[in-house]
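Dock chain B against the given chain A, drawing on the hints supplied.
Listed in order, the protein sequences are those of chains A and B. Numbering of the first sequence is given in the numbering used here, commencing with residue 1 and proceeding in unit increments. Numbering of the second sequence is given in the numbering used here, commencing with residue 1 and proceeding in unit increments.
Hint data in this document are derived by calculation from the structure and do not stem from the laboratory. Hints should not be assumed to be uniformly reliable.
Covered by chain A, according to a simulated footprint, are these stretches of chain B (three or more residues, beta-carbon under 8 angstroms) [unchecked claim]:
no., segment
1, 251-261
2, 268-277
What follows is a list of derived Cβ distance ranges for each label pair [as the list claims (entries may be wrong)]:
no., chain 1, residue 1, chain 2, residue 2, range
3, A, Ala299, B, Gln46, 38 to 44 angstroms
4, A, Ala200, B, Met42, 20 to 26 angstroms
5, A, Arg177, B, Glu95, 55 to 61 angstroms
Even glycine gets a Cβ: it sits at the ideal position worked out from N, Cα and C.
There are 2 protein chains.
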Amino acid sequence: MNQAQNQTQLIALDWGTSSLRAYRLGAAGQVLELRSLPWGVMKLPQVVLRKNFEVDETAPFELAFEEACGDWIRGAPHAPVIAAGMVGSRQGWREAPYLSLPIAVDQIGSTLSTVHSRGGQTVHIVPGLIENSALPNVMRGEETQVIGALSMLDAGNTPSEILIVLPGSHSKWVQVRLQHREVQSHIEHFHTFMTGEVYAALCDHTILGRSMQTSDVNGDDHAAFDRGVLVAQTPAGRAGVLSTIFSTRTLGLTGVLDGADQREYLSGLLIGHEIAALQALLAEQAHQPSRVILVGDAALCGRYTRALRAYGLDQVEVAAQATERGLWQLAKAAGLLGPLHR
Amino acid sequence: MNQAQNQTQLIALDWGTSSLRAYRLGAAGQVLELRSLPWGVMKLPQVVLRKNFEVDETAPFELAFEEACGDWIRGAPHAPVIAAGMVGSRQGWREAPYLSLPIAVDQIGSTLSTVHSRGGQTVHIVPGLIENSALPNVMRGEETQVIGALSMLDAGNTPSEILIVLPGSHSKWVQVRLQHREVQSHIEHFHTFMTGEVYAALCDHTILGRSMQTSDVNGDDHAAFDRGVLVAQTPAGRAGVLSTIFSTRTLGLTGVLDGADQREYLSGLLIGHEIAALQALLAEQAHQPSRVILVGDAALCGRYTRALRAYGLDQVEVAAQATERGLWQLAKAAGLLGPLHR
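For reference, chain A alone in the conformation it holds in the complex (with noise of 0.2 angstroms):
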């Protein structure tokens, strides 16, 4: 790699509720050098106050920002900045107005706010999306993931209606519809499920923990997150998760589960009952993906490919680097790359 290629042509934040990734990207939008900081939006660094010296808000923002990237602007001082996440909030550092569903992609990129650092640097800020249906459903973050994983597609050849799956804290279902030949993607409808969160909430503060033990699967070993996966689509799956998940305990009190299966099993539990609601929703909405995308940590996308499969979902691949390709695609859509990237 010659010398151009290593000057940082991107910084690019993904500076979400727990943590603040921040990258340094090169010509060709390739990741130069990564850092990982506690710095999440409601994790921020504590100010020191000095007597009489008053600090405003936004002080731990900047004191994050600077530990985050401060050395990488002094090295490149024209390389734009652009960050992803809840730092676009209302309890964020400036908060990036939701843009509302439907939307072209690339409507995204140049719809980005800004906020100026006290060292005169612009942040430009990636606002998130919301769709206003009966029940509003908000994201922050996973747009740019969204984009990212579109920027991988194999423009040519694809199909006109794509599901692309961040599973996690709280799952994102991203219905997208691809426009032919000119690769003008519209994100057309996204469900939100809190399956992350409420799996963490019922293992560590309800009566189903209390049996549990931390699992050691080995990697071959899925018979009780399998088990569970399957229970939506049974007739009991009809009692809804609210009922279904007592059986963690009851299997247990059976002998049926140890304590390392029944964590598993309500991994599977939760996860299926997801799959199984989603696809009600699709086969209301006649929208049928002929391709679905797994977006995130390997392990849960692990997860997640094999309870997709066993509800009839075989076609299944997964994206990695999706939020630095997508800030890089948001960058560039913004304007932000100089010419040599329009």
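Relative to the frame of chain A, chain B by itself:
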């Protein structure tokens, strides 16, 4: 009331996970005295160990038992003692094995387990019930409330299928078939919904609780609760609980629900999902309860009555004092109350 009526006929304990309630009952089963203690099976009093003195694991039960009714026993040494609830679980004082469904109500009282206190008192322990379906269900303590509620029915005019609902941390919906005239009832099925415990975990340990405020609802303002109740029967409700709960947050973000409303809305939303799912299960079994009886905390029964009405179940009665009446009925069925009560 004359002196004979004031004499202790039965000492009855409702001994659950988090609390212990002791009843001193008179000749007609009426409550002469009631004590509420914090000594649930998972919250027993600490026993101080003297050096070189071994205390067996039943010691905390003995201590709580003495505090709950030691003086009552000394005052009426021939009065029998009966206890229901988690005291009969594997973690209890003495395990009273589960009885399997379907079961004749009278059979429960004839299958009590016993434990002998250090003072020589025999304590009769009510068994729990288990339904060994695909997803097993268990109850301990609620069987006693069901029996108490049944004892209050006007036997002459009762329909053959009734539904007894015990809302709470783990709501139970119990399907009972009443034999005509003979009043020999059978418990046929029951379902568990972890609604109360999930509600608490969501409010206290997920993002949904962050923007909530303690609700200070005046008696007539149930708009947010009612709005939540209806979600499960809308098209959006088909996404299931894992998805719909997120609307608690988004309806806050979009200015529709304030902090107090969000708490009420989530309560209604979960109860609505519970009722909708239960109705789907009953429809599948072609079980049509002509009578619905609620047992439990008055405020919670009020919430369920509102929600049941929204789902077309108008004929809802609330049964009071079901626990103490159930313990009395069980003691009678067990032959503990002597020939006068047979």
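Hints versus structure:
{"no.": "1", "hint": "251-261", "verdict": "holds (count 3)"}
{"no.": "2", "hint": "268-277", "verdict": "holds (count 5)"}
{"no.": "3", "hint": "A:Ala299 - B:Gln46: 38 to 44 angstroms", "verdict": "42 angstroms, holds"}
{"no.": "4", "hint": "A:Ala200 - B:Met42: 20 to 26 angstroms", "verdict": "22 angstroms, holds"}
{"no.": "5", "hint": "A:Arg177 - B:Glu95: 55 to 61 angstroms", "verdict": "59 angstroms, holds"}
Going down the numbered hints, you'll see the structure goes against none, and every one checks out.
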